[in-house]
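There are 2 protein chains.
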Amino acid sequence: MEKHELVIVGGSAGGIQAAICAQKHHGLKDILVIRMEEKVLVPCGIPYIFGTLGAVSKNIIPDKILGEAGLKIGEVVAIDRNNKTVKLKSGEQIGYNKLVLATGSSPLQPPIPGIDKENVWFAWKNTDYLERLAEVINGTGDIVVIGGGFIGLEFADECRKRGHKVTVVELLEYCLQLVCNTELCIRAEEALRSNSIEIITGDAVKSIDGTGRAESVTLQSGKQIKCDLVVVGIGVRPNVQLAENAGLEIGVTGGIKVDEFQRTNDSSIFAVGDCAEKYSFFNGAPTPLRLASIATREGKIAAANLFQPQWRNVGTIGVFSTVLGNTAIAVAGLTEAKACEMGYDIIVGEAEAASKHPGTMPEAHPMRVRLAFCRRSGKIVGGCACCTHTVGEVANIIAAAIVNGMTMEQIAMFPMGTHPWLTASPLAYQITDAASNALHKAKNIASVS
Amino acid sequence: MEKHELVIVGGSAGGIQAAICAQKHHGLKDILVIRMEEKVLVPCGIPYIFGTLGAVSKNIIPDKILGEAGLKIGEVVAIDRNNKTVKLKSGEQIGYNKLVLATGSSPLQPPIPGIDKENVWFAWKNTDYLERLAEVINGTGDIVVIGGGFIGLEFADECRKRGHKVTVVELLEYCLQLVCNTELCIRAEEALRSNSIEIITGDAVKSIDGTGRAESVTLQSGKQIKCDLVVVGIGVRPNVQLAENAGLEIGVTGGIKVDEFQRTNDSSIFAVGDCAEKYSFFNGAPTPLRLASIATREGKIAAANLFQPQWRNVGTIGVFSTVLGNTAIAVAGLTEAKACEMGYDIIVGEAEAASKHPGTMPEAHPMRVRLAFCRRSGKIVGGCACCTHTVGEVANIIAAAIVNGMTMEQIAMFPMGTHPWLTASPLAYQITDAASNALHKAKNIASVS
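These protein sequence lines map, in sequence, to chains R and C. Taking the numbering used here, the leading residue of the first sequence gets 119, the next gets one more, and so forth. Taking the numbering used here, the leading residue of the second sequence gets 119, the next gets one more, and so forth.
Rather than coming from a laboratory, the hints here were simulated on the basis of the structure. Predicted, not measured: the structure shown is a model, and the values here were computed from it. Any given hint might turn out to be false.
In this list, chains with the same sequence are indistinguishable; a pair is considered to hold if it fits within one copy or across any two.
As the list claims (entries may be wrong) - Here are the computed lysine-lysine pairs in the DSS-like style, where the Cα-Cα straight-line distance is at most 25 Å:
id	residue 1	residue 2
1	K205	K190
2	K207	K283
3	K176	K456
4	K182	K559
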């Protein structure tokens with residue numbers, strides 16, 4: 119029987135990163151990655167297949183990234199923990215010393231009447247499926263996107279670029295509400311609406327109607343939207359059947375339970391990425407965040423801990439960004455609503471300035487930062503930035519501040535660098551100024567109470 | 119006699135920021151800023167006057183930034199510390215309770231024969247002077263720039279954009295050598311050379327020749343360069359005469375000596391910005407870095423400490439960035455040469471990946487990061503990034519890592535966010551991957567020794 123020092127089940131972000139880091143950290147050569155897909159998609163690139171990139175083939179992670187790890191295409195259907203083997207659908211058995219589960223997630227399929235119609239599509243991470251969707255979309259007309267999260271909005275924006283009339287339906291009051299402060303939600307919606315995308319919020323889909331094919335979508339409000347195609351992007355559920363069948367514990371958000379070293383309740387088995395339970399950096403509680411950037415981090419951590427616990431996963435912060443129309447938005451850490459819900463007494467500081475300096479530099483645009491701090495400790499708990507294309511890295515500065523527990527004083531004094539072409543002025547650098555603004559408010563509150 | 123709670127001498131970055139923060143932090147209304155200039159230039163914007171911006175008037179900091187602080191145009195010629203007054207050239211005396219000196223710096227004028235010719239210019243922060251230079255440059259031909267530091271190179275690049283033939287002469291082996299790793303120096307030089315700027319390094323200017331006007335520059339090597347105008351940008355000296363005359367102590371790099379709260383040896387007098395001595399974040403030793411971003415930080419710190427020590431200046435890291443041609447470069451912390459000189463045993467990690475992901479996204483370009491770590495502590499001591507326009511903020515992420523003493527393990531596990539339009543792939547994010555690369559090297563060294 120074939121046997122490997124390390125077997126990784128799943129070949130997307132988390133699995134790949136585990137394979138890379140196991141080679142780097144342990145010099146492990148005897149690694150086998152088993153995955154179902156012939157080719158692996160760049161997960162965050164999926165919406166761009168339908169607009170900017172124009173083809174599935176432009177959104178593939180090349181297998182050479184796996185280095186010297188072996189690769190087998192197949193479906194693992196069972197884990198025998200006693201004999202430390204996995205069984206493939208083909209019947210083949212493969213032994214492991216250490217096993218990393220990176221089985222990912224699948225699109226949620228809400229129980230809406232008509233959801234099974236042939237022209238209702240999901241963001242399956244499968245090249246064949248998405249190639250068919252790309253083909254179908256090319257010849258189609260109006261599109262309804264169910265779900266105003268990142269995937270839904272990016273998908274809507276890309277289809278709009280190809281000339282489709284697009285309507286987004288979101289259950290909550292705002293799109294992106296679970297991950298962004300209201301201000302950013304509004305900016306995101308405005309960016310899309312200004313490009314003629316219709317956005318309906320605070321309304322649910324009651325049914326997808328039509329004879330055979332979906333021809334319209336009916337909302338709870340009674341509103342009907344005609345369409346030629348429906349795309350559903352309301353979230354994912356972790357793929358944990360394999361783990362569950364093997365007796366591995368499952369967490370409250372539905373992921374495989376892991377400790378701070380990414381170990382499951384079987385010390386030879388690790389879980390990373392969308393299939394693994396996440397825990398909040400802030401209070402250690404389970405949190406439903408699922409992102410490729412989180413998956414790769416967990417892959418690294420698991421690889422470092424294979425033979426002895428070395429790296430502790432201090433928890434998930436949640437760092438997101440996107441570009442809708444020409445509006446970039448980014449967030450790191452807790453939204454203000456979430457922070458309040460968790461019991462924080464927060465103080466919010468904000469600052470806006472031209473993205474270049476002086477503001478007369480070409481293509482200088484307003485750039486805003488909002489930071490939320492715990493009033494008692496002074497520590498940053500979250501922040502967001504918009505609307506220029508540096509905000510992805512600005513969110514990473516905020517993430518660095520969060521992970522290091524920086525206070526409003528420390529951030530106000532942060533020794534940032536600035537340059538006319540690349541940043542705001544040193545007199546108006548948004549991150550430090552937002553911290554100063556929070557300090558100022560904290561002082562005023564303190565002097566009143 | 120007029121008297122103010124706070125008098126600030128100098129109205130550029132450091133003075134302005136002190137005025138703003140004294141209002142914010144102490145609710146101080148009784149502030150007077152005394153400066154020599156009618157209008158204040160954006161210091162880092164000066165080179166752009168001569169190309170991108172096209173006019174001095176587009177590079178002015180509006181006085182409204184001073185808020186409720188008073189403003190007086192005049193030259194302070196003496197400080198009477200016993201009576202706590204400053205004396206203006208006009209003879210007027212003004213009393214202070216607290217005094218902030220933000221007198222800035224002046225261009226160094228090397229003792230080169232011919233340096234005093236009328237068409238030899240310097241980067242004086244003076245609107246009239248620069249307006250005259252802008253006028254003269256418009257009608258001129260070939261330009262020699264003496265000094266291959268940031269100001270010199272940016273000036274050269276801007277003049278090139280206006281169609282001038284430009285030659286840069288740098289004494290050291292590479293341009294930017296004192297602040298950048300060799301790799302970045304080479305990229306900067308390549309960016310300029312590819313735009314037909316001639317760069318001569320490792321050669322000094324022996325004389326500036328011509329009858330009356332500068333007509334050519336003769337180098338130590340014997341080489342002669344014909345020119346119609348010379349610009350000198352070899353650095354600055356702090357303006358400390360006023361402080362020195364008042365008996366304030368001067369540091370070894372020529373700045374006004376300050377403690378960690380920006381106080382001079384007179385506890386009523388603070389110094390900030392280019393006129394103040396800087397101390398290294400790494401070992402507390404005096405360091406000759408002078409930047410507007412450092413000045414504004416010191417302005418904030420001084421303002422917070424006016425009435426009692428509150429904020430400690432933990433020292434200067436040094437965060438720089440620029441764009442030459444279309445090549446952006448950025449650095450934070452120690453160069454590798456400087457770190458070695460200071461006694462660090464360093465390990466360098468590097469990583470390169472497309473700036474967007476997948477690499478098939480429009481306008482994805484290679485982006486590189488190099489990070490240097492202290493081998494013993496594992497802590498980051500410096501880093502640099504090139505060549506895309508997000509590197510200014512990437513250097514600030516590196517600065518955040520430095521100021522928080524992050525180790526290679528912590529940076530390798532850093533919970534960055536990624537997005538196709540805004541950053542590298544989560545599988546190839548340069549900062550985390552450079553840290554992983556350093557870890558890998560550290561491990562190999564450890565296993566050998």
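Quick rundown of the hints versus the structure:
| no. | hint | verdict |
| --- | --- | --- |
| 1 | K205 with K190 | within (13 Å within a copy, 83 Å between copies) |
| 2 | K207 with K283 | neither (43 Å within a copy, 70 Å between copies) |
| 3 | K176 with K456 | neither (37 Å within a copy, 43 Å between copies) |
| 4 | K182 with K559 | between (53 Å within a copy, 22 Å between copies) |
Violated hints for the displayed structure, listed by number in ascending order: 2, 3.
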